[in-house]
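Enquirer: Spelled out from the first residue to the last, the chains are:
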Amino acid sequence: MSEVAEREPLFSKKNKKLITDPLNDTNPVTIQVLGICSALAVTVQMDNAIVMSIAVLFVLVLGNVIVSLMRNIIPGKIRIIVQLVVVAALVIIVSEVLKAYVYDVSKSLSVFVGLIITNCIIMGRLEAFALSNKPWAAALDGVGNGLGYALVLVVVAFFKELLGSGTLTIPGLGKIDVLASLAESSWYDNNGLMVLPPSSLVLVAIYIWVQKSRNKKLIEQ
Amino acid sequence: MDLLKLFIRSAFVDNMIFTFFFGMCSYLAVSKTVKTAVGLGAAVIFVLVVTIPVNYLLENYVLKEGALAWLGPEYADMDLSFLSFVMFIAVIASIVQLVEMLVEKFSPALYGALGIFLPLIAVNCAILGGALFMQQKNFGNVGEATVYGFGAGFGWFVAIVLIAAIREKIRYSNIPAPLRGVGMAFILTGLMGLAFQGFLGFNV
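First to last, the protein sequences are chains S and H. Okay, so the first sequence: first residue is 6 according to the numbering used here, each after it adds one. Okay, so the second sequence: first residue is 13 according to the numbering used here, each after it adds one.
Treat the hints as calculated values from the structure; they're not laboratory data.
Listed next, the in silico EDC-like pairs over lysine to aspartate or glutamate satisfying Cα-Cα at most 20 Å (straight line):
| # | chain 1 | residue 1 | chain 2 | residue 2 |
| --- | --- | --- | --- | --- |
| 1 | S | Lys-112 | H | Glu-77 |
| 2 | S | Lys-221 | S | Asp-30 |
| 3 | S | Lys-82 | H | Glu-116 |
| 4 | S | Lys-19 | S | Asp-30 |
| 5 | S | Lys-104 | H | Asp-91 |
| 6 | H | Lys-181 | S | Glu-225 |
| 7 | H | Lys-44 | S | Glu-225 |
| 8 | S | Lys-82 | H | Glu-112 |
| 9 | S | Lys-112 | H | Asp-26 |
| 10 | H | Lys-76 | H | Glu-156 |
| 11 | S | Lys-104 | H | Glu-77 |
| 12 | H | Lys-76 | S | Glu-101 |
| 13 | H | Lys-76 | H | Asp-91 |
Whenever a hint applies, use it, and build me the whole structure from the sequences.
Expert: Structure, rendered in structure tokens:
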């Protein structure tokens, strides 16, 4: 174990960047454009978005670590299938846990839990990072990208639920009435358009707009 | 007649892209020109038509609760449905590989046209999503499942070709710089999605 002496600290500058970069500069949803399907479809209520983010974070970190541990013994030609099987096994665990503990949420997430298997963020990170890096770096990369995904999901779900149905559903606190009662009694009206699926696309586009105007180097030519 | 209704419902009312956002990643990445969009769309139709019936048989004769009854009475109350994710994705990945080899052997021209899109389809959520929806919908026979697969693929094809055509033209427009590229594609898809919401009232 002679390499122990020159091992870099657990949270070196490079490792910290692995976590902070995906929050902004290389955000998996808005910049790399990965994992859009689920990001758009589970954002009608805050609690769905939060549970989905945790599920993806879990699969991403563990998948990254497992594939990174096996990176030297996976034959290149069949790596996609090996990765899919690892991810699918993790997703089965997530899906059974969700069914056991938060049944309502798992019902409203329906097929999207299963679709974590083909979530491009996961396959993308396995291919691009876990296959060529050590387990600890891969785990941090998983945390970073999972949080980047969660950030977009929660922001979109916040506006979608607030403007669409006037409530905010937070796990543990239940449905919090913000604008809903106002909508029943006075001039204010909920924006029904926000509940429809297409509005999350527009919200993500606005998110990208804000992000890229603050961070000019991300603008596409 | 019912099959026609099923086709229309799966292609337009339950459009993969505009209602469920399945396969958005490749939809956004490959929709820069109409030509590649047509290639990918055709490949998706093809793979859906092949994988949905196979997964349907798998679901009904192996995975569903009581589906193993044909093996003998002692298997009658087995429920393997928790394995469906792994089985479906394995079927999809291997069929995509198989299809790739067959197409390469028998139709090099088509293989050249589809190019790298074929292998990528294994991780397209539209395919696995189609299989998972098939599981929820309880179709009566393989024919219905096949029509559902074709309809879903056709809807996806229409969506990607439409957005590619718009993105080819919009290159000449003066869009605010931060929205260029992906941002505008999102807004366009949102507007098209709103238009497709009009199909919701269809009573088919």
